[in-house]
Amino acid sequence: MLEGQFLETPIWGLPIVIYPFLSGLMAGAFVIDSLSHLFGFKKFDPVAKLAATVSFAMVLLAAFAPLVDTLQPSRAVWELYVRDHFPYSPLGVFIVIWTLYVILMLFEMYFDYRVDNVERSKQGGLRGAISKFLTFGRPEVSQESIKKDKKALFIISAIGVPLAFAFHGYIGFVFGAIKARALWTSSVMMLMFITSAIVSGAATVIFFYIIGYSFYSKKNKVNLETLNALGIFTIFAILLDLFLDVVEKLYSVRAYTGAEEFHGWELVYNWGGALSVNYHIYQILIGLIVPLVFLLFKKVRQSKFLMLIIAILINFGVWEMRYDTVIGGQLLPKISQGTVIFHAPWLGFDGILSGIGLFCLGLVLFFVLSWLFGWEDNPKSQSLDSNENK
Amino acid sequence: MRKRTTNENLDTDEKPTSARRTLLKTLGLGVSGTLIFSLFTKNAQAQDQAPQKTASNGHTNDINIDSSDQITGPLQNHRWMGWENPVFDANDGWNDWKTILNPNNLPIWHDSFSEIPKTHPKHKWGMVMDNRKCVGCQACVVACKSENNVPLGVFRTIVDVMEVGSIKPAQNGMIVTEEGSYEPNVKKFMLPRICNHCDEPPCVQVCPVKATFKRQDGIVLIDYEVCIGCGTCVQACPYDMRFLNPIQMTADKCTFCVHRVDAGLEPACVTSCVGRARVFGDLNDPNSEVSQLIAQFPTGRLMISQGTDPQVFYINLNGNLEGTTSIDKVFMEFTYTIGFNTTDYKQLGGEVELPTIEEKKNPFKQFAV
Numbered sequence: 001m002l003e004g005q006f007l008e009t010p011i012w013g014l015p016i017v018i019y020p021f022l023s024g025l026m027a028g029a030f031v032i033d034s035l036s037h038l039f040g041f042k043k044f045d046p047v048a049k050l051a052a053t054v055s056f057a058m059v060l061l062a063a064f065a066p067l068v069d070t071l072q073p074s075r076a077v078w079e080l081y082v083r084d085h086f087p088y089s090p091l092g093v094f095i096v097i098w099t100l101y102v103i104l105m106l107f108e109m110y111f112d113y114r115v116d117n118v119e120r121s122k123q124g125g126l127r128g129a130i131s132k133f134l135t136f137g138r139p140e141v142s143q144e145s146i147k148k149d150k151k152a153l154f155i156i157s158a159i160g161v162p163l164a165f166a167f168h169g170y171i172g173f174v175f176g177a178i179k180a181r182a183l184w185t186s187s188v189m190m191l192m193f194i195t196s197a198i199v200s201g202a203a204t205v206i207f208f209y210i211i212g213y214s215f216y217s218k219k220n221k222v223n224l225e226t227l228n229a230l231g232i233f234t235i236f237a238i239l240l241d242l243f244l245d246v247v248e249k250l251y252s253v254r255a256y257t258g259a260e261e262f263h264g265w266e267l268v269y270n271w272g273g274a275l276s277v278n279y280h281i282y283q284i285l286i287g288l289i290v291p292l293v294f295l296l297f298k299k300v301r302q303s304k305f306l307m308l309i310i311a312i313l314i315n316f317g318v319w320e321m322r323y324d325t326v327i328g329g330q331l332l333p334k335i336s337q338g339t340v341i342f343h344a345p346w347l348g349f350d351g352i353l354s355g356i357g358l359f360c361l362g363l364v365l366f367f368v369l370s371w372l373f374g375w376e377d378n379p380k381s382q383s384l385d386s387n388e389n390k
Numbered sequence: 001m002r003k004r005t006t007n008e009n010l011d012t013d014e015k016p017t018s019a020r021r022t023l024l025k026t027l028g029l030g031v032s033g034t035l036i037f038s039l040f041t042k043n044a045q046a047q048d049q050a051p052q053k054t055a056s057n058g059h060t061n062d063i064n065i066d067s068s069d070q071i072t073g074p075l076q077n078h079r080w081m082g083w084e085n086p087v088f089d090a091n092d093g094w095n096d097w098k099t100i101l102n103p104n105n106l107p108i109w110h111d112s113f114s115e116i117p118k119t120h121p122k123h124k125w126g127m128v129m130d131n132r133k134c135v136g137c138q139a140c141v142v143a144c145k146s147e148n149n150v151p152l153g154v155f156r157t158i159v160d161v162m163e164v165g166s167i168k169p170a171q172n173g174m175i176v177t178e179e180g181s182y183e184p185n186v187k188k189f190m191l192p193r194i195c196n197h198c199d200e201p202p203c204v205q206v207c208p209v210k211a212t213f214k215r216q217d218g219i220v221l222i223d224y225e226v227c228i229g230c231g232t233c234v235q236a237c238p239y240d241m242r243f244l245n246p247i248q249m250t251a252d253k254c255t256f257c258v259h260r261v262d263a264g265l266e267p268a269c270v271t272s273c274v275g276r277a278r279v280f281g282d283l284n285d286p287n288s289e290v291s292q293l294i295a296q297f298p299t300g301r302l303m304i305s306q307g308t309d310p311q312v313f314y315i316n317l318n319g320n321l322e323g324t325t326s327i328d329k330v331f332m333e334f335t336y337t338i339g340f341n342t343t344d345y346k347q348l349g350g351e352v353e354l355p356t357i358e359e360k361k362n363p364f365k366q367f368a369v
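Sequences listed follow chains S and Y, in order.
Residue numbering for the first sequence follows UniProt numbering, starting at 1 and increasing by one per position.
Residue numbering for the second sequence follows UniProt numbering, starting at 1 and increasing by one per position.
These stretches of chain S come out as covered by chain Y in the derived footprint (C-beta under 8 Å, 3 or more residues):
no., segment
1, 79-90
2, 178-185
3, 329-340
Hint data in this document are derived by calculation from the structure and do not stem from the laboratory.
We put the beta carbon where it would ideally sit given N, CA and C, even for glycine.
So that you can see chain Y by itself, here it is in the shape it has in the complex (with noise of 0.2 Å):
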């Protein structure tokens, strides 16, 4: 078995370099000190750059470091500059699924939640969604499809397209029945929805393996080649964001693209949205565009009174949603994407028809030449 919790590892990168700097400063080294200085943090900056990834994968780890200290290749990410990047290059095989998940690229925990603030993570990734900029076109989602592999019937993320509002009988409405006519003081309300990352994941406690974890730097994940699919994370999910995968066979969930995001590039319905309403970036660099927007803008985050503290924030979030505990949202009309499966699909006249997966053996035989 892979040894899950390595907490030792967690303040390594940062005493080296501190502690000579001391050093150096209090011998009182002048110019030749600073030399040394930048020699010794050269080194260290490698040192930091490079991952503790040595005996368990037998990986071992070359990052090109130019001689004018400029970091080439997919480590280079113009966006999060002054950052230290993920520790992560291409040829380390970062579409590798165990490698992403070697624990010894970055801490994680299966239930001590409140010990990642203290080690200090380099980044606490988290998403803005900008509800002022959303249009509900649906981008996302088929890019998180195309991007994750996701199968028919099963979405990681989603946008709930729904009115708001009321519609009463008035004279000379708008809009005029049989009945009588009808005044609308109607709006569309796009809520794009994925996985909150909370900080406090009722998902990651409740798994019997341990097989759902959350990572120093905020992300909560799924091993999926330990998760059994019991189904229990499913139910604790607040926000239905989990849900068993009809391929793998286990549960599965949005991972903020973790894939990309450990290659240094923004998730895959980032990059898609055509009016940015999706902004994600790191919580812990005041100057992300993503610390920025929550700062200057009030935002509202889905289920609070749940304490699971999700980090995906909201700006110009309808009230209604927030809670959990208020009914006001059932009265919502859903306009796109409704449950088939759901009552009210049945009242608006859809019927109900669960369409069957078909897996063939040859699906592109007939292009076959």
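Only chain S is shown next, with the shape it has when bound in the complex (with noise of 0.2 Å):
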């Protein structure tokens, strides 16, 4: 970005596209999370842990990203906790709602896994002896003391399901607020964002699902209930989103909106512009139909293989309907013509280097609060409940 800043360039780089992506993840593994705790759907208990590690993993990393892209990331920690300017500026109220998730992501994975480690922490080693410090000093696993998590739960989920939409709402707000940018000043911007964030969680959730739960546990296998149902949660997710995509679209027709933005649709997203392929083939068709009609057939709901390939399908999608809101919405220049080109560089703050970086680093947050608390252990009382629903 700033090597050969011309007149006009696109500002946030890949960064701001992970940006968005990561979070949505998080929003939407939380849904999921949520759905056993508050609702209590049955099937989704075998993946409510799941859920909370992948949301706690990218709620940690989501703080990276637009920390990558910014000039001077040593200050802007304290900065933004210090010098907060609350009640205008987006990236303002990141920081307060970003702390508030993650302090509320603590209690939930305390209350989700307490009886795990308490049970782990009778093996003895170092992660024995992670899993004691980790129960808090409340060894009790008694009947009442898992209904008072419980009752936590319940609690913890119903406050961060508004939390988690709140984080990702404002994520589209960033985006939708900033009038100078024609193609962002979008009413739907925000809804769209939300509604993509809970398709990508689910599928994200499908995807470590099938991978973890085949290959990395011992104990416990893939519920194919829990698998069908969560492609019917997607299904209504997707036919939300498509809602949305279609109000979006009609929202550029000329009669409907501003001649500047009208043309930038022309020149941005409709065929011929800059990225059409990108929106009309990868977001709308490979992402949402494709895996849409899939998902309707109960055989491919409880296929494996199948789920594990619309689950990337979908994410792809979404990664793709956050690269086309970004730098779609900066390829349309504010005052000079026609339209900028975007090249990524390799290198650099917010090179494709630095986003692949922030891929791994996300996986490896993963993969480490998966040893500490377990794939799939809580080795009682989830196989009772996997036992159950068969």
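Reconstruct the complex from the two isolated chains, following the hints.
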């Protein structure tokens, strides 16, 4: 970005594309988790902890992506906390909601894994010692304490779902509220971000559920009923997302929008535009319609291999949605003519390598947390759950 | 942390004189009263000239006032005589960025800009771009880069030079090609652009760390020591006149040459303008040149529909350029300052090559004896 910065250049590069993508995984995974705790979807119980772990890893990572994009990351942490600009600045709101969410997720993880930690602390060794520490001096495994945990999880989920929506909603607000960018000032931007977050979160949970429980779990296996339920949930999320895409498409009609936005749509998204293939083929067709068609069949929903592919397709499509929004909005210049050309550099702050590094950091975080809390453990209760469902 | 919002000393400069004056008037004192009054007002003037910068930076302010009440030194400013000068002198390090940004010098705002007119600011700086006189020589761009040490590839001010109009096929037209002859009906149009120092600046409101702010005299500035370089303000500026400085790694933009203005000088681009197309001055002063120009000629401003209330006024502005929603601007040909990173540049036959900024350790080694 800094090399050859000319009159109009995309200012936000790949890290800002990655940022809503990863935080979308966080919000979506938390919704899956809360469906189990809050609404009593018993079929989602086996994936609840997995979803919580994904959500926790991603919320920790969500802070890194915008920090990578800031030119003074060393200042950012301190200044964002001390000199907040709460009522106006979306990025000022970020640090408040992010902090609240991390605190909430710490409680969530504690109550979610407390019984597991109590059991694992009996093993001894390093992991046992860590688990003993993580119980924070509550080694009870009685029915009453478990009930208390469930109650706490209910409350946490009740607070967490609006918070997760707020976290992801304000990212939509970051874009939707900037009036200078004609293609961003859309009233459905916030809703689109939240909906596609749920879609991608569900797909990610499916992905890690299949991979983790087929290859890395010793005790449990993938529960096909749970997979089916996740598939059905994804169908509804995709339908909602498609509906909002149709609304956005209608919004780009000449009669309903300003001249600049209308021409911007033609220049960037419509056929022949800079991102026409990305938008129509990758985002809509491959990312939403193909998975939707396949998910309508029950045999597909219960096939581990096909669900894995569908999960990858959906995540690819949601990634494209973030890319089209963040980069596409900046391709329409504010005051000069034509469209701006975007080249993602390999090196540098917002280079491709730092993007790959962010993804790898996310995987590392997820695996560290999974090692810490266990892939599937909770040997008793969860295996009982899966038996019951069978 | 430095305190940012100091709204306490807003009205302090006016109150002492007026209070004493009314007191003396009510007492009905005659000649002696006027003598005392003149003594008091002299002191009060000195107080007015002296800024309220005491504790925070430890500087004491010594302004030289002769026995004949003539202000000497850098404070002298013929251009704005009759109006109180900004409180700065060279001894106090007006070239010191920290001192310029010292909030004790002028109140600053991050959000409630509507409060500014209520505080009766001494000055409200603005600029008039007289498009009748701009020849597109780009001297202002060079002067700005030189004055403010703006890095390669980025600009605090630019002058778009474009051709406005149409070229239509016509018999016996001036332009003859293989396809036929054409009649041109075009004229060159120059659009000098700088930061508009908006009265409702979106860049200030979106800043997450309050690094950018609006001074009481209307100048929008950035505190480079606080800015985290997130780029939100660059996105929010509808005029695309902010950029990320690749050397100091923060957001950056036109400051109206605040160091010169505070020293009683005009911005560099204004002094270098060969045709006096750029006029800088006090919008509060009805006798200033900018106020006179705005009063006498119809002026336009860029993108008023964005609601930013810009303070840069254009005389003879092409109507197509005023509105943000006008797509006609797309059909204009930028001849000099076209964005090298756009599709149009490619279509005109240019190659998109991004030059790299090289930092040499010893750039003048070859000249060393």
